[in-house]
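Below are the chains, spelled out letter by letter.
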Amino acid sequence: MGTLEDLEAARTTAAGVPVVRSAGWVVPGLARVEGHRLLRHPAFLLTTTLSLVMATSGRGIDFSVLVLSGWASAAIALGVALAANLAASRSRRDGTDELFASLPADERARTTGHLLSVAWAVVAGAVLLVIVAAAIHAGGGPAVRLGGSVRDHSLAPAELAQGPLVIATMGVVAVALGRLWPSRLIGSALAVAPLLVVQFLGGDRRWFGAWVNHADTVPDGYWPHPEIAPATDLVGFDVVSLNWHLLYLTGLAALAITVALGRGRASFAVVGTAVAALAMAIVGGVAQLR
Amino acid sequence: MVTMVEVAGVDKSYGRTRALDAFSFTAGAGIFGFLGPNGAGKTTLLRILATVLAPEKGTLRLLGLDPTRPDERLAVRRRLGYLPQEPGFHRNFTAFEFVDYVAILKEMTDRRHRHDEVRRVLALVGLADVTGRKIKHLSGGMRRRVGLAQALLGDPDLLVLDEPTAGLDPEQRLRFRELVSGVGEHRCVVLSTHQTEDVAALCHQVVVIDGGVSRFGGTPRQLAEQARGKVWLAESRHPAARLSWRTGEGRHRNIGEAPPGAELAEPTLEDAYLLLVGARAVAEPAA
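Going down the list, the protein sequences come from chains Y and C.
Numbering follows the working numbering, with no gaps: position 164 of the first sequence is 164.
Numbering follows the working numbering, with no gaps: position 89 of the second sequence is 1089.
So that you can see chain C by itself, here it is in the shape it has in the complex:
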């Protein structure tokens, strides 16, 4: 496998708060998901991968290049697509104008080809019918898709998506999965999400990050297996459970050290994530 992202021992702090602590991670072609609660360090890591932030310590190689060197950083940016957590939009631009503006900044200066490419990515995200509508008149989900469209410009080799499914309705999320799964066949897609279903459905590899360090790295199936034997169903909340909730069927799903004789349930990725991150995931929805 060609290593497209290599992060080794990366540190990043904001004042006294350490956002990333000797974080390491490698990725090739495929889809890599980051799960973690708010403040876990996901957005900081994705900003570093998008060359927006520089790490304080450690080594970083993107697409075989060193982004701390200006010339190589430029080369990385030419092959990068990035959707920030809060991308911001020029509200008085139409969807077409905004994506076209980003395309110019991506050095696509041939007007005819650029416009073809803008129409292509807007169609990919299902916005072909609203290209002429001003962004201020688009819904939150549509704006998110405009953000995704600009990230897809030029078919980048490395796609960094920070919470790409936030604000999308179920149908749009399915469409997003279809789109990104196609991209991830040949390119490297790194995304963070709080939708464990998206990770389970899309990602080849998942990393659980908390407190700036990696708590788990492996396939979604391996992550789910972390919770095997630690999820059980009962008529009520069990005192030994770290987390417990009443399901739609009226029974309680308990997560923790299962008592002897408990009715074990098939673990999900979400169970394992909750087990790893614990109360922080409940207190703050994972982001």
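Here chain Y stands alone, though its shape is the one from the complex:
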């Protein structure tokens, strides 16, 4: 009988396959696998298709602007929320936590992998946005109706960033909830609740326009409210409230990430980060409504 080192050497050769290990690449590896699964999830595929249909079938000059400023991405975000939540809660629902607890990669690494997997959906949403933007530009570019005339519209970076950010925020919130509560209902509720609120409680859909995909509201709905930028002929929007909306989304995402990764670790850094993120979300959320 040899030493443990001899056994280790034998282990490598007995398998016939060199065992290559690298602790540092576990999270990217997990994120890749989970990201691929997320992109193949029926909820993601369905909402992406829905998004494309929405983007291409909308009527009216203003609709192109609404699509590019995140309206279509919001549909994808609902699918991502459902798929990411089911993935994040999978190990507890399926009873694999005991097995996984015996493996070198700990729960935090797995949670980080789930959080990063959302990036795949964000990239997919951004790609879709580029495709839709190209189609809109090919058709004459985004424009809005102002008074009796149609004017070209210049999309601000904040408007373009909104769609991918909505996907990211919904995704990481869904992961955090999935890690906290292993129930299929949570993800379903997260994906469906905004639609139900819009349909039955929101009335004029202002709720959705304010808290999910920001758009200026006008008396007859949620369409963009164009204004002529001072000293130019371009039509733009008041992006100040949109910037607050992005702050609110960022705060919400940061809070979700902190809760997901800091679960069971009530250190000063974790609590401090959570409080700061919550403050961002509250400040942004309140300010966006002004």
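Hints listed in this document are in silico derivations from the structure and should not be mistaken for laboratory results.
Note that the coordinates shown come from a computational prediction; the quantities given were computed from them, not determined experimentally.
Heads up, some of the hints might be wrong.
Said to hold, decoys possible - Among chain C residues calculated to face chain Y with C-beta under 7 Å, some are: (1) T1051; (2) A1054; (3) L1074; (4) H1090.
Claimed, not checked - In the EDC-like style, the derived pairs of lysine to aspartate or glutamate whose C-alpha atoms are separated by at most 16 Å in a straight line are: (5) C:K1136 <-> Y:D94; (6) C:K1230 <-> C:E1263; (7) C:K1057 <-> C:E1006; (8) C:K1230 <-> C:E1197; (9) C:K1057 <-> C:D1011; (10) C:K1134 <-> Y:D97.
Backbone N, C-alpha and C define an ideal beta-carbon position, used for all residues, glycine too.
Dock chain C against the given chain Y, drawing on the hints supplied.
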């Protein structure tokens, strides 16, 4: 012999129920089997050996390392394979995807080598033809083998298997014995089973555990010898027998204090186990 598992005076309780009571056990390379009725403490002990549970008292060393220290626990986990009693499976994963997922969690991050290793372990358990089939479409025995495959990833030095043969048909069990006996030549395999034949056929050492304490520790032959002179054949159930059953040949096999002049039979490991654990083994199938 290199001691690979050292358990000394380990206690573990769930509320008022004591699952392990000052349990001690050592193991080197070879196959070590745990026999005992349901609730005996086997699964708790195996969870402790798999670093999933921490003991409340006592000392534990695995592969020469102390798993209560985070850095050494990580080192143990890198050289450990574990098949839980109820491993759970991601039903929408294929067999390949599930084992590959576990391989990533085992820090096998080089994709090509990892995939080679996943194919290797799936072939070892006889699932090379169903790697692309979703787990929800696999039979219970096939799922068990998927669980075994993930435990074999990376050829671990310590293999902890909780009821590995549950749900396997006779042919699969023979294949399992062939596989594990090969692994046990150089590594430490600790398993629990309710198949006394598996213990007799596979294990170098056997521990009978009941009520959280060890009732016996030794070779399967030594365990069987515990029943020598206490097993006899008769035409009917004998009043002195603690346990008795009618065999296929129509005679009764009695276990207990044999009366004078009884026709003694060659004891088996199962006889000795039943004698040690008694009525609990009959009331609840040993697990």
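For the pair we were handed, K1134 (chain C) and D97 (chain Y), check the Cα-Cα distance against 16 Å.
With Cα atoms ~20 Å apart, K1134 (chain C) and D97 (chain Y) exceed 16 Å; violated.
Hint consistency between K1230 (chain C) and E1263 (chain C) [alpha-carbon to alpha-carbon, up to 16 Å]:
holds, 10 Å
Taking 7 Å as the limit, does the beta-carbon of L1074 (chain C) come near enough to a beta-carbon in chain Y?
At about 6 Å, which falls below the 7 Å cut-off, the nearest Cβ of chain Y leaves the hint on L1074 (chain C) intact, so it holds.
Tell me if the straight-line CA distance from K1057 (chain C) to E1006 (chain C) falls inside 16 Å.
holds, 14 Å
Pairwise hint evaluation, E1197 (chain C) against K1230 (chain C), where the allowed Cα distance is 16 Å at most
Given that 16 Å is the threshold and the Cα spacing comes to 20 Å, the pair is violated.
For the pair we were handed, K1136 (chain C) and D94 (chain Y), check the Cα-Cα distance against 16 Å.
Holds, because 12 Å separates the two Cα atoms, which is no more than 16 Å.
Was the hint right that A1054 (chain C) lines chain Y, CB cutoff 7 Å?
violated, 11 Å
Per the CB criterion, is T1051 (chain C) less than 7 Å away from chain Y?
holds, 6 Å
Hint consistency between K1057 (chain C) and D1011 (chain C) [alpha-carbon to alpha-carbon, up to 16 Å]:
Holds, because 5 Å separates the two Cα atoms, which is no more than 16 Å.
Given H1090 (chain C) was flagged as interface, is its beta-carbon under 7 Å from a beta-carbon of chain Y?
holds, 5 Å
Comparing the model with each numbered hint stated earlier shows that hints 2, 8 and 10 do not hold.
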